[in-house]
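Both chains come to you apart, so use the hints to assemble them.
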Amino acid sequence: MTVATDVNSADRARGGRGEIGAGRLAALMTAPAAVFLLAIVAYPLLFALYLAFHQVSARELRSGELPFVGWANFLALMNDAVFLLSLQQTLVFVALSVLLEIVLGVGIALLINEQGVRISALTRVLILLPWAVPPIVNGLLWSFIYNSKYGYLNVLLYNLGVIGEFVQWTGNPDLALYLVVIPYVWRTTPFAVLLFHAALQAIPSELYEAAEVDGAGTWHRFLRITLPLLAPTVLVVLVLRTTFAFMVFDEIFAITGGGPGNATWTAAWYIYRTSFQPPFEIGVGAAAAYILALIIFAIAYLYIRLLHRKVEYG
Amino acid sequence: MRRRSTAARIILSALNLLVILGIVGPLVAVVFGSVQSERALLSDVLNPLPKEVTLSNFQILLAGGPQGDRVFEQASYFPANLKFFPLAFANSVVVATSVTALTLTLGALAAYAVSRLPFRWTHAFMYANLTSRMVPIIVLMVPLYVTLRQLGLLNSLPGIILTEVGLLLPYAVWILTSYFAALPRELEDAARIDGCSRLGAFVRIVLPLSAPGLAACGVITFILSWHELLIPLVVSSRPESMTVPVILAGLVSDFYVFYTLMMAISLLGLLPTVLLVMLLQRYVVRGLTSGALKG
Numbered sequence: 032m033t034v035a036t037d038v039n040s041a042d043r044a045r046g047g048r049g050e051i052g053a054g055r056l057a058a059l060m061t062a063p064a065a066v067f068l069l070a071i072v073a074y075p076l077l078f079a080l081y082l083a084f085h086q087v088s089a090r091e092l093r094s095g096e097l098p099f100v101g102w103a104n105f106l107a108l109m110n111d112a113v114f115l116l117s118l119q120q121t122l123v124f125v126a127l128s129v130l131l132e133i134v135l136g137v138g139i140a141l142l143i144n145e146q147g148v149r150i151s152a153l154t155r156v157l158i159l160l161p162w163a164v165p166p167i168v169n170g171l172l173w174s175f176i177y178n179s180k181y182g183y184l185n186v187l188l189y190n191l192g193v194i195g196e197f198v199q200w201t202g203n204p205d206l207a208l209y210l211v212v213i214p215y216v217w218r219t220t221p222f223a224v225l226l227f228h229a230a231l232q233a234i235p236s237e238l239y240e241a242a243e244v245d246g247a248g249t250w251h252r253f254l255r256i257t258l259p260l261l262a263p264t265v266l267v268v269l270v271l272r273t274t275f276a277f278m279v280f281d282e283i284f285a286i287t288g289g290g291p292g293n294a295t296w297t298a299a300w301y302i303y304r305t306s307f308q309p310p311f312e313i314g315v316g317a318a319a320a321y322i323l324a325l326i327i328f329a330i331a332y333l334y335i336r337l338l339h340r341k342v343e344y345g
Numbered sequence: 273m274r275r276r277s278t279a280a281r282i283i284l285s286a287l288n289l290l291v292i293l294g295i296v297g298p299l300v301a302v303v304f305g306s307v308q309s310e311r312a313l314l315s316d317v318l319n320p321l322p323k324e325v326t327l328s329n330f331q332i333l334l335a336g337g338p339q340g341d342r343v344f345e346q347a348s349y350f351p352a353n354l355k356f357f358p359l360a361f362a363n364s365v366v367v368a369t370s371v372t373a374l375t376l377t378l379g380a381l382a383a384y385a386v387s388r389l390p391f392r393w394t395h396a397f398m399y400a401n402l403t404s405r406m407v408p409i410i411v412l413m414v415p416l417y418v419t420l421r422q423l424g425l426l427n428s429l430p431g432i433i434l435t436e437v438g439l440l441l442p443y444a445v446w447i448l449t450s451y452f453a454a455l456p457r458e459l460e461d462a463a464r465i466d467g468c469s470r471l472g473a474f475v476r477i478v479l480p481l482s483a484p485g486l487a488a489c490g491v492i493t494f495i496l497s498w499h500e501l502l503i504p505l506v507v508s509s510r511p512e513s514m515t516v517p518v519i520l521a522g523l524v525s526d527f528y529v530f531y532t533l534m535m536a537i538s539l540l541g542l543l544p545t546v547l548l549v550m551l552l553q554r555y556v557v558r559g560l561t562s563g564a565l566k567g
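Taken in sequence, the protein lines are chains H and A. So the numbering used here is basically just the index in the first sequence, starting at one, shifted up by 31. So the numbering used here is basically just the index in the second sequence, starting at one, shifted up by 272.
Accuracy of the hints is not assured; some may be wrong.
[Stated by the list, open to error] Which residues of chain H face chain A? A partial, calculated answer using Cβ under 8 angstroms:
(1) A53
(2) A70
(3) A79
(4) V148
(5) L159
(6) A163
(7) W173
(8) I176
(9) Y181
(10) L225
(11) F253
(12) V267
(13) L271
(14) T273
(15) G316
[Claimed, not checked] The following label-pair restraints were derived from C-beta to C-beta distances:
(16) A335/A x K180/H: 26 to 32 angstroms
(17) N110/H x L318/A: 31 to 37 angstroms
(18) D466/A x A58/H: 21 to 27 angstroms
Calculated from the structure, these hints are not laboratory results. Ideal Cβ placement from N, Cα and C applies to all residues, glycine included.
Pulled out of the complex, with its shape left as it was, chain A reads as follows (with noise of 0.2 angstroms):
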């Protein structure tokens, strides 16, 4: 390996800090935020360290509203629809569970014969995936809106659930294939002459050993199943239906609610995907970058 000097590691090192202070700066901003009331907040702005911290602004959260008739400092109002909080967490926990077990076993599926049994037409089937990762989401909404309301999906968690399996699938084809085309096939012709079904190899040979890649495809599915806005804030206008980024979305024009509040919903908005990034770093990178670079 090339040796450094160490001007040259110094300055190495300060342009790393100045990375690490860049990602991890907003973040923090965000833990400040979530544990201070406004008017702490506002008592000395020049100072940026938090001035007090208290839990307040999530237990108002998860509660559903400031309790009894004690001195409400995190908010000078309660919007109605930040009583469904821990409904639209519940319900983000389900929609993207659910998409993320749908997507993979449909991308799965569809992946497999794509990686060992192609045909011309699943070549096209693949440029089909690869053409509607394209289609910019808002083209679909009005279209899926009035096909939705026709078949009473609109304002349910399975109209949001279709729709994004619908979207994300075929990103999840486009991983797994390239997983599938890496593993060798030998194994699977041992198992065949066995006497194991195509299905069979699959089932007991093709899928185990491709559990990284499963596991790579399935935290990016939740991940983005949990990012995701437009869907379920035109699909659900209910607040039983809600999920959190729609919550979050309905805060934007709302001008009296603290920020310190805000930060609170925000923080427990974005600890789910990047805990799980965190956890599963390994897996994320390698399917990210198979997702893109292979195909």
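This is chain H alone, in the form it adopts within the complex (with noise of 0.2 angstroms):
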């Protein structure tokens, strides 16, 4: 945090001088923004830990009775397989995704940096558009790209002698939810970019030069300058993109919709399903729900103790 911790003391002087005092101040101006974060955030998520403990289906709902049942969703849900498999999927799709966004951010973002190669300069201007689409349009263009009868996967695949016919890629269980990263991270990489182009420009190009009087060739100046102080940015896109790969579901919903069979079901797919579909099992949804948060609460703590020890370059 940057921000001051003390309200200066001419502010005080001025509480008595009939203007509103700073506590007050700050209270009312705070106050819009806390009541909808008490609205929108703070109240739905108690809600929903209460669902997560009560039984809540279609029939209920329509009784008006949502009777207690303990831990019951939580056991449900540790019983259930394609839960459990949702989970490991998520794991694989978040781990694969942060680390391709990571390595492909890095390289990009020295790759702009450039300043002796004039296309990099066409390169800064477009890389942010990915970003821009919409998810679910991201989602439906890729699947347009993936078709079977006329996507153009399989006409460059086909035209550069790689696959003998048309392949139907979706349909495939072993490949389909590497085909839901491919579209998410070309989303999502460009914010990776971003930072890591914003950090190495802080790095001063003083600290180069004198390696180079040194003898320090191009690796080893990666190696022991560039990295090490790319560090922190690493450590912060990697806890950001984490807990927001952990929340995929535009994607998803748009390519597979979870196919073929389970293969690309993830967390927030399951909770989707479950709490908004037939059964509306709404109950064991919400303690599905407070899982996922809990695993990502987890992450974000370590991003808010990361954002503490105050993030600094040069």
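Below you can see the structure in the form of structure tokens.
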């Protein structure tokens, strides 16, 4: 946090001169945002906790009586192979996409940071475009690319001679999850590039010049200067992107709908299907949502600790 | 600056080209898909270039369906929801604009308090904001659905708007706080010595000076609101209150809609935010970095 830690004393003195006090003014100014925070996030979060410990499905919603069931919803989840599979696939999805985002992010950031290469100016201008594409559109456009009759992936690979006939890509349960990772990484890597690029620009060029005078080669300079100074940003991207990757929904929705079979069921998809499709097992869905939220919160906690230590460059 | 050898420059240029193709390729696929009929697309599958360039997919969409009894090449049938596409587009504009206006106003007020009037509880408020960004929206959807139903806000734009404001405000407060904190205090202090109230100094000095920060926060909020699928999907099922992402989501399980028509909708759906990023890139970049790194 870079905010100052004390209200300056002149403000305190003014409190007595008829002007509204700093404390009251701060309360008034934050009140609307706080109300929204309570109404749209805090209250529903508690409500969901209530639902997680009650039996809530279409039947109970009709009768209006929600019996308390203790940990039964959580126990049901632990015995539900589809839920465990969804969690497992979420972990694979998160690990793979975050790893790719960081590797590609650092690579592309280094590339666009090159001043001597003229075309990198164009890359710099275009790099943010995938981030601007709505996630649901991203899903649809890639399912068009993957299409088995005329999709451009088939066209490209066939023309290159890699495949002998058109392939039903998303129909293959061994490939489906990876086929969702690609679009997701395509859309989210620009954000990582952005942060890494900002961090690279903050590295003083004197460091490189001094290293060059000392006879350090390109690889050596990267290992000894760039990488260590990039490390705090890698950590931030790692944690931030991990928490968001756990919530992946739109691309799954558009490209595979969880299929084929259960091959691309992820945590958010499981919660959505359980809660909003017949038989509307809202209690179980809420319990699953809490498990997901707790996993993400453990990582968020790490992030807050990280910010506390204050990220500095140079 | 370091000098690269010619060989290194060629390799780096080639890598750049690869990245550019990777970025632009999928977007070109959307454009190619949207300007032809499915029949033309299928006529020569191995040639990726468009076999015809026609705007009829867009005409059908904007007219709310095929006109008259002319042969309809673009879609074997026209899903009922697509008749509402122009309305959904307007809804998306109304939602994103209202969400941006509300979020900026309330976010700026809160961010100013946090950056200039720090108390122990404003710190707690910031941590609450940070934490709430990590809450998966899916956790909140059932409770929000029930609550909005009780309030009579289901299937209404205000219901969508209020929900999105609540979820985007924490991010906005976070971004704006870092901008306000970076402004020099001296100008405000001078104004206050001249008799300006604190709120007056905020409105007359801090807000104009942080115009770039407000622009950054505003454009990011607009884009995230335009992208939002889950909230309008759960909260509004009536065609009258659908947004563009909801219309698109409705096409997913519909195997009879031609991809060419779907790409036309996709293109119209991604155009506003892609154009915004092209035009206001500088602000977006600064907003995203300050929202993630500082705080």
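Query - Earlier hints that do not hold, by number - result: 11, 14, 17
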